[in-house]
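Q: Starting from the known structure of chain R, fit chains X and Y onto it as the hints suggest.
Residue numbers (the numbering used here), protein chains in the order written: chain R, 61 to 310; chain X, 472 to 855; chain Y, 114 to 480.
Everything labelled a hint here was simulated from the structure, so no lab data went into it. Wrong hints could be hidden among the right ones.
Computed list of lysine to aspartate or glutamate pairs in DMTMM-like fashion (alpha-carbon distance at most 20 Å, straight line) [to be verified]:
(1) R/134 / Y/335
(2) X/729 / X/706
(3) R/251 / R/241
(4) X/566 / Y/442
(5) R/133 / Y/336
(6) Y/318 / R/202
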Amino acid sequence: MVKEFILNLKDVSVSFEGFLALNNLNLKLTKGELRAVIGPNGAGKTTFLDVITGKVKPTKGDVFFKGKSLVGKKEHKIARIGVGRKFQSPRVFENLSVQENLEISVSQYSSTIKLIANKPSENKLEEVNKLMKIVNLSSKSEIKAGSLSHGQKQWLEIAMLLGQKPSLMLIDEPVAGLTDEETELTADLLKSLSGENTVLVIDHDMEFIRRLESNVTVLNQGSVLCEGSMDKIQSDPKVIEVYLGKQEDL
Amino acid sequence: MDLFFDIIFEGISIGSVLLIAALGLAIVFGLMGVINLAHGELIMVGSYSTFVTQLLFKQPFLKPFYGSYIIVSIFIAFIFSACVGILLERLIIRKLYGNPLETLLATWGVSLLLQQFVRGVPLAVGPGIIITFISGISIKNLLKDKFLNFAYKKYIDLSIWAFSVTLGILSTNFIASNISRLSRADSRNVDVTAPKWMRGPIDIFGETYPKTRLWIIFITLISVVAVLIFLNLSEWGLRIRAVTQNRSMSECLGLSSKKVDTLTFAIGSGLAGVAGVAVSLLGSVGPNVGQNYIVPCFMVVVLGGVGNLLGTVLASFGIGIMTDLIGAGRLMTIWPNMPESLANIVNFFATTSMARVMIFTLIIIFLQFKPSGLFPQKGRMVES
Amino acid sequence: MKLSKKYISYLWWAIALALFIAMPSLVSDSRLKILGKCLSLGIVALGIDLSWGFTGLLSLGQGIFFSLGGYAIAMFLQLNSLKEGIPEFFGLYGVRELPFFWEPFKSPLFTLIAIWLIPGLIAGLIGYLVFRNRIKGVYFSILTQAALLVFFNFFNGQQKLINGTNGLPTPNTILFGTMVGDPLIQKYFYYLSGILVILFYLFSKWLVSKRFGSILIGIRDDEPRIRFSGYNPVLFKTLIFAFAGCLAGISGALFTVQADLISPQYMRVPFSIEMVIWVAVGGRGTLLGAILGAFFIRLGESFVQGLIPGGWIFIQGGLFILVVTILPEGVIGWINNGGPRNLLTRFGVKRFIATYPSLEANKKEGI
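Bound conformation, chain R alone (with noise of 0.2 Å):
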């Protein structure tokens, strides 16, 4: 059987200014793959989310989601053709409850007619009220979003990014700043995730990390110094060099 990729990089590119965010990044995502992607500060993790969500365009080079082309696509466009996207710091709607945050993020493909005029449908409801359970808020449904804790915040975007119903979930450091146990609970999620959705992790937690089980790259400067998995990588003495090294130097 032929390998299909889901998401497909080719030379890609991006420079501000005359700096080059990314360098020629090429990279391949297998449908149904848990993909983690890792790099020192400046590596270009961030923007390489941006390019694939459709917020930077590429300078240079291509994207292929399910083989079409994501360049020049509006950003809730690329939403809408299955690419979710969780952000670094959690980024939930502060004043409304959580319950319409899930709202929201289940409605995507609602008519504009049918969110100005209907309520939500059964359908939706208790689509809500299972994200809601998956990451344990059922109780502070009518809370406002910007009353939870740092933690529950997480995990309600997480919800959102599941409600959205991706085939492929990006998800930047979605451990930072939870406690240990939140953690584990986290990468066990993520993992079961996997398989039917397509995901992809980008996180600094090697603890995190070592726990998805899964292919590692790894981004410097720009472009992928290489791949493989954890073990593989801890090894690299490239890898060592650029990342693992300085963290041994500490």
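A: This is chains X and Y only, laid out in the frame that chain R set:
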């Protein structure tokens, strides 16, 4: 060829008034990102201080120097507007950094207060307040290190301000008793007459130009050059650029961003004062004068690209030339045989107010294609 | 506790409604006119609250849409009261023929639609062009102000088309065979203004209670996030801004027939910013605050102007500064957030907790 020079001169002449008016805003809005809707009223303060200076120079003891009053008034206007600006920044804008829409509303309130102040309060009070302010601040700064560190600080503070207020009241009294026009509230427009050496026509290359217009161009030129030198060559200019580019980093390096903010705002406001001098030379000035300039000033800065002085310069001259082309019906003169339908349209827009309609529409259309103006800021940080 | 709070709010509504109905017999005709004008301004304020309070779009150009609505009704009234020929003022400028765009305003049906549709379409167009380019925040405000200036200069400069600075007067025009300035007609306009402001209030309230409202708030707080959730903010912003334009047009039409005149002065910069202060003082994002703000500030204005001419501008200027520095959530927002209670506590009045009187007692002992 004559026509060409006419258009260029008129365009530059209109443009330089716009430029001098927008220059302060380019600093305050462009560099600091503060939306100051009271900018027009700072121009008005400049115009009114020119008027007051003029009346002072008509007094017997200054009469011999009457011809030079306009030069003195440039400095006075700068200082007066800068002082108002400092007060505005310290009391209101400082609390609202990072909330541009709130700043917009609050400064609009200030602009209403300033307008009403000029209408409803004798003009002599203005200089009194400014003198109180200057004397209070400067005495405090002079004494700061030597005397203010011991237990009676409060009382010394109090006596300094008491002294300054007395000084202010005395000077108000002095002005009011000598110049009757300034002793009563008067909402009528005021007229500034340029000294003789600034009036009348002048011949350059066989063309006659009104001297006043040339002087305004000259004042604008000097101001722009001074601002460029200050921002790019002086130490404070470097600090301003540092703070406006990265506030928290600059504070880590030991720059007091509060001081820099106040200074930047003061300079922007002072330039509005200088613009006020230029504006007062163009015709009579009323409490509403600022209202005529505020929106065009913002359009100039937005069109030029926020944070880019060169853009502001080009945008104002561009608008100036367009205004002349459209408003004075020059297109008809350039191309007399244009088809009638087109000629009707050109004629329709050939008045000052309709030219404005046309130009603002053109600017809005232009921004459709280049939303960040002629010279957009580049880089990663723009989006945030 | 919750129930009694609800009853109190019903009580307020009942009092307000009773006052509204009884007012024409309580005050003189000229006073009633002022009240009617203040009520009609509540409608434009509602639009500003929807676009600014909920969606974060601060328009400083609502005067455009307001005046367009006003001009639409005034043009109809001018034509409606003619037996033949064209409105008198045209004679002053030597105009013989009715300008083409006046023609459709002979029809009452067209006018009824034009009052809200034309301002709505223009608002939608301006909004779409600006939002499409992701111009937002203060840049949007400045551009709307520039647009306002464009319209002002146009209407002010065109004597031959629309009577320029002088504007179009309405009191001597005829509607249903009666003079518009007649007290009886004015009474109907008063009631109409009140009824419409209540209807639009209920409609807006309903609008923001749905997912559409959540998305608007989402756009205000974090527009990129809405985009990444798969919604196109341009569409929602354009819709709500166009709706605000419609409301402004209706408000302008109602205001014009009660103010006796529509002229370019309503397109001046200060008037449009003043509208914003009504909403800011009342409480942005509360809807009710917008209406009350518009009503009471305008009422206060006509009251103060009568006492000290020019004094109002001082008060208004002060209001702008005070509301953003001291009371950013506005009066209604402040009340909703428990402001009055906190104030009482600050002045030493004990916080009264109705549900748990025993707690209050315990506290005293504890201290």
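Q: With reference to the structure, classify each hint as holding or not holding.
A: Structure-based check of all given hints:
1. R/134 / Y/335: holds, 17 Å
2. X/729 / X/706: The given pair, whose Cα atoms are some 16 Å apart, holds under the 20 Å limit.
3. R/251 / R/241: This hinted pair holds, its Cα atoms lying about 16 Å apart.
4. X/566 / Y/442: holds, 16 Å
5. R/133 / Y/336: Given pair residue 133 of chain R, residue 336 of chain Y holds - Cα atoms ~17 Å apart, limit 20 Å.
6. Y/318 / R/202: holds, 19 Å
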